[in-house]
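A.B. asks: On the provided structure of chain A, position chain B as indicated by the hints.
As you go down the protein sequences, you meet chains A and B in turn. The numbering of the first sequence is numbering that gives the first Met the number 0, which starts it at 0 and goes up by one. The numbering of the second sequence is numbering that gives the first Met the number 0, which starts it at 0 and goes up by one.
Everything labelled a hint here was simulated from the structure, so no lab data went into it. One or more hints might be untrue.
What the hints assert, rightly or not - Below, a list of computed lysine-lysine pairs in the BS3-like style, where the Cα atoms sit at most 30 Å apart:
#1 LYS43/A x LYS54/A
#2 LYS56/A x LYS43/A
#3 LYS94/A x LYS56/A
#4 LYS56/A x LYS13/B
#5 LYS54/A x LYS13/B
#6 LYS94/A x LYS43/A
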Amino acid sequence: MNHTRPMPDRPRRLLLASAVAIGCGVAWRPAHALSDVLSAVLRKYTGGAPTREGKVKFDIAPLVENGNTVPITVTVDSPMTASEHVQAIAVFNEKNPQRDVIVCTLTPRVGRASVSTRIRLATSQQLVAVAKLSDGSYWTHTVDVVVTLAACIE
Amino acid sequence: MARTLIHAPATARKGEVVEIRTLIGHTMESGYRAGSDGRTLPRDIIRRFTCRYNSEVVFSADFYPAIAANPYLAFFVTADSSGSFTFTWEGDNGFAQTESATITVT
Chain A
0 MNHTRPMPDR PRRLLLASAV AIGCGVAWRP AHALSDVLSA VLRKYTGGAP TREGKVKFDI
60 APLVENGNTV PITVTVDSPM TASEHVQAIA VFNEKNPQRD VIVCTLTPRV GRASVSTRIR
120 LATSQQLVAV AKLSDGSYWT HTVDVVVTLA ACIE
Chain B
0 MARTLIHAPA TARKGEVVEI RTLIGHTMES GYRAGSDGRT LPRDIIRRFT CRYNSEVVFS
60 ADFYPAIAAN PYLAFFVTAD SSGSFTFTWE GDNGFAQTES ATITVT
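Chain A on its own, in the form it takes in the complex (with noise of 0.2 Å):
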């Protein structure tokens, strides 16, 4: 006979489809989904104009020790002309009482764009660094960062 196909050949096409379904999970989730609050901060930033993951790098240990003096890095890739460069880079958090942390304005004269400082975070949270360039798109890293010792707040 030929119709001898065994029975459990569907439990086990249901596990592979449910395989193939968890790692499409895990495969369209972004390694660092935006937080609700954080876009909000964007989308005011940006004047609704959306923004790309790219470009920009951020910087950060990932696991905080001391949340008083947070040494931070942000470096965008661009040529610097006075046609292509980048205007601002700003820097918001998700946890701190107040979201904004930096914002620098740049002139084609500063010919590398990297900015370096030190900021307090209160708790672990995530992070984001943007820049806006010349051509008016807006470009974003995110980062979550751990913080075991809390800047002091209360």
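C.D. replies: For chain B alone, kept in the frame of chain A given last:
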């Protein structure tokens, strides 16, 4: 007068991108902390930093309470002519301070 530390090269080749590092002594009181009497300490921060190169603004930054005490800032500038850098910090309670550094471009 707050103490400042400024690292800027004294000489540079024309067109060279030089790094400038600045630090100023300031408590950057956030306005969210309580004092010993339990009352919230009023905010006292530096709000704005400006770097002028031969009196033209090349870089500026707005600070918020999330900037750590003794604000440190490092950035780059293209050395295109000899002259001076002027750094200005302005903040709450009428805080204002200006420092400068000279650069010789060859």
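A.B. asks: Taking the hints in turn, state whether each one holds.
C.D. replies: Hints, verified against the model:
1. LYS43/A x LYS54/A: Roughly 21 Å separates the two Cα atoms, so the pair holds.
2. LYS56/A x LYS43/A: 22 Å, holds
3. LYS94/A x LYS56/A: Holds, because 21 Å separates the two Cα atoms, which is no more than 30 Å.
4. LYS56/A x LYS13/B: 28 Å, holds
5. LYS54/A x LYS13/B: 27 Å, holds
6. LYS94/A x LYS43/A: It holds: about 17 Å lies between the C-alpha atoms, which stays within 30 Å.
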